[in-house]
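> Spelled out from the first residue to the last, the chains are:
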Amino acid sequence: MNPSGIPTSVDGEPILFPRGSHDIRPRAEVFLKDETLQGAVREATTLKDRARRDALRQAFGADVAQIRTLAGAIKQHTIDHLDHYLEQWIDQAEAAGTKVHMAITAQEANRIVVEIARDEGARLCVKSKSMVTEETHLVPELEAAGIETVETDLGEFIIQIDHDAPSHIVMPMIHKDRSSVARAFERVLGARYTEEPEELTLIARNHLRQKYRQADLGVSGGNFLVADSGSLVICTNEGNGRFCTSAPKIHIAVVGIEKLIPGFADLSVLLHLLARSGTGQPLTCYTQILTGPKQPHELDGPEQMHVVLVDAGRTKILADPEFRSALRCIRCGACLNACPVYRKATGHAYGSVYSGPIGAVITPLLAGIDKNPTLPEASSLCGACHEACPVDIDLPGLLVGLRRKIRKRRGSWMERIALVLLGLAFSRVVSYRIASKLQRFFLRCIAGASDRVHSAPGPFSGWTRDRDLSLPARHSFRDRWARKGGRIR
Amino acid sequence: MRAENLGFGFFEEAAGLRVLLFIPCLVDQFAPRSGEATALLLEHLGCEVVYPVDQTCCGQAHRNSGDSETARRLVLRMAKIFAGEDPIVTPSGSCAAMIRRHAEELFQGEDQVPDLVKSLVQRTQELIEFIENGLGLAPDEIVGTPGAAPDRVAWHPSCHLRELDRFEASGRFLDSVPGLKVARLRQEEQCCGFGGTFASKFGSISGALAEDRCSALVETEAPVLICNDTGCSMNIEGRLSRRGSPIPVMHISEWFCQALGLSYDEQEVDR
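As given, the protein sequences belong to chains A and B, one line each in that order. One rule links them: number in the numbering used here = place in the first sequence (from 1) + 471. One rule links them: number in the numbering used here = place in the second sequence (from 1) + 438.
So here's chain A without its partners, still in its complex pose:
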């Protein structure tokens, strides 16, 4: 942590939103050597990835592909007609008594929340898990305004008291182990040191119950906005979302505009997929559908319900048809769990609230490609993310699209020259053969007496760091084929 209170990573930069241009590699380099971290992330991601497959197979059998296509089409349709559904949702929500606010930027979203809190004289805020508020950095803003803010999702709570940052969309503390939780509870809450999960959960629960009772403001995110009823849907597992949205007299939901869906039939399709994809559960333990504040005939609920609709770069993505499908994302985290690069680099290497394949796509789109030039490159394009995505986002295709943009704007000259030369080599058999000979000669030289290259120079050194490289065959397939008199055309 640095003096300003923002948690920092191994490179001294803020974990989320490093200043300047961010390269995923230096952090990944450090995280790869941390065996505890590697073990924790591998365990959790492979477990959830398997749980996802099993849950989907159990529910849909051979029709998994069809429901993914349907879910993708629903989200795509909604974002393609976002203006229409946004208006419809606002009308319905206002009719139900919800106060709707629009925030173009992250700062504006924070300002709106802080202003409401101040106007109502709020002193203590209980908050449930929300990625968009991580994106806007809401909590530090509330605290700066003198409003004590407590994260109530267990993972986020631990991260908050340990001055850390989430490293996974769904499992924010995937990078932490029990002992670090125990130490934080001992230090901050004065609890007895224990590594028993049940005891740790109880300690947090007792602490948080007090906060719910005293809080005068609840802040949440939102998983879906249902246009035809003006409802907000929140999916949680711990019940903390219910406390946050019903106990305090004011509830403010901060929600990205891409969360819209047309109606409840669509909600049904997406709910069938969200928890199954994220954690392997048929549904999250709690699914709240909130339509307006407490009504006169109702006994409980908040007196005021506010929804802050956040743009913060989303309309920029919307305006680009090539990348628009990225807005389909329902933040289930399945692509992170399936991603080989996420498993190794781990969440904080991405320098963004959104890590893994979806993070590698939307972080450059939201925060700028120039600030995140390595994210789209950090993929073997293995396609595991696309296969895992419940709304059928072609993530590898979008990564390649971003690489095209990078190439046009700021590709390194060395890489450009290499691509041009390679292109020329491949355009004629003669040049291809010359290039092959040169390649073999070059590799032969650096291999020395060995039949493998053990240490390659410059841009190829990455390959030989942990691997050897076989030499090309003295006689290529085409030469051997010709010698053997194979049929040609």
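Since the hints were derived computationally from the structure, they do not count as laboratory data. One or more of the hints may lead you astray.
Unchecked claim - Derived list of chain B stretches under chain A, where covered just means 3 residues or more per stretch with a C-beta under 8 Å from a C-beta of chain A:
id : region
1  : 471 to 478
2  : 589 to 602
To be verified - Straight-line C-alpha distance at most 25 Å; calculated SDA-like pairs for lysine to any residue:
id : chain 1 : residue 1 : chain 2 : residue 2
3  : B       : K639      : A       : S932
4  : A       : K908      : B       : R539
5  : A       : K955      : B       : P525
6  : A       : K787      : B       : G547
7  : B       : K556      : A       : G894
8  : A       : K504      : B       : R680
9  : B       : K639      : A       : L914
10 : B       : K639      : A       : E500
11 : B       : K619      : B       : G585
12 : B       : K639      : A       : L893
13 : A       : K879      : B       : R539
14 : B       : K556      : A       : S898
15 : B       : K639      : A       : E506
Backbone N, C-alpha and C fix where the C-beta goes; we use that ideal spot for every residue, glycine too.
Use these hints to put chain B onto chain A, whose structure you have.
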């Protein structure tokens, strides 16, 4: 009839189906034997195998690097070289997927996808896919026993088989070879870390993934790893060599040739 057609150029009567052999650049340069085993296996199965000599590359490296102009040019070049009606067969899942799933999208900005390219896309198949779907052959119709080939193997499904919807199908094909015991790797679905230039640019991440694959392979105690993509083989072989676990990596076609007693290695590969 089939048994007589061993070796190249001996298939005088073009009785069978004519196939065009698509040998990707990595196979051509680094693994010529897997190309030969592919040709030999196809001939054995009654195909007349023709190699269009002007072929170079399918454009995958450029497409993946974001240079779609060059990729488009190379796809068009390939479409001309492979023009006609004959099926196009390749020993690489990755290059087959490049053509099948990404060739047409490269022409999106244009008025329309050229017919030559459409035809290329329709006719291109990965070897095992072609044997199963194109020739309609089940493993037990090809081999009765592993013969001289190892009867215990581990199987590495390459990621790009996903794009061909063959990720599980190719493994199943191998599973049903009579007398062959196929060990599945722990975390089978996790990429081996190749990914073309990714392996060099992100060497430490890629290397860690290669290590995962190799340690999973060693766990199986299988004497050989079967693979159907030269990129993956080079990556896994390279890591096996570095960590001192000299388990041979073999192309799926090489296994079948060994099982059938087809000799494709009269001329050893000299490096």
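> Hints first: check each against the structure and report whether it holds.
Okay, the hints, checked on the actual structure:
1. 471 to 478: holds (count 3)
2. 589 to 602: The restraint on the region 589 to 602 of chain B holds, since 4 of its residues have a Cβ under 8 Å from chain A and three suffice.
3. K639(B) to S932(A): Status holds; Cα separation ~9 Å.
4. K908(A) to R539(B): Roughly 31 Å between the alpha carbons, so the hint for K908(A) and R539(B) is violated.
5. K955(A) to P525(B): holds, 23 Å
6. K787(A) to G547(B): Between K787(A) and G547(B) the Cα gap is close to 21 Å, so the pair holds against 25 Å.
7. K556(B) to G894(A): holds, 22 Å
8. K504(A) to R680(B): Roughly 18 Å between the alpha carbons, so the hint for K504(A) and R680(B) holds.
9. K639(B) to L914(A): holds, 18 Å
10. K639(B) to E500(A): holds, 13 Å
11. K619(B) to G585(B): Since the Cα atoms of K619(B) and G585(B) sit roughly 13 Å apart, the hinted pair holds (cutoff 25 Å).
12. K639(B) to L893(A): With Cα atoms ~17 Å apart, K639(B) and L893(A) stay inside 25 Å; holds.
13. K879(A) to R539(B): Cα-Cα ~23 Å, so holds.
14. K556(B) to S898(A): With Cα atoms ~20 Å apart, K556(B) and S898(A) stay inside 25 Å; holds.
15. K639(B) to E506(A): holds, 23 Å
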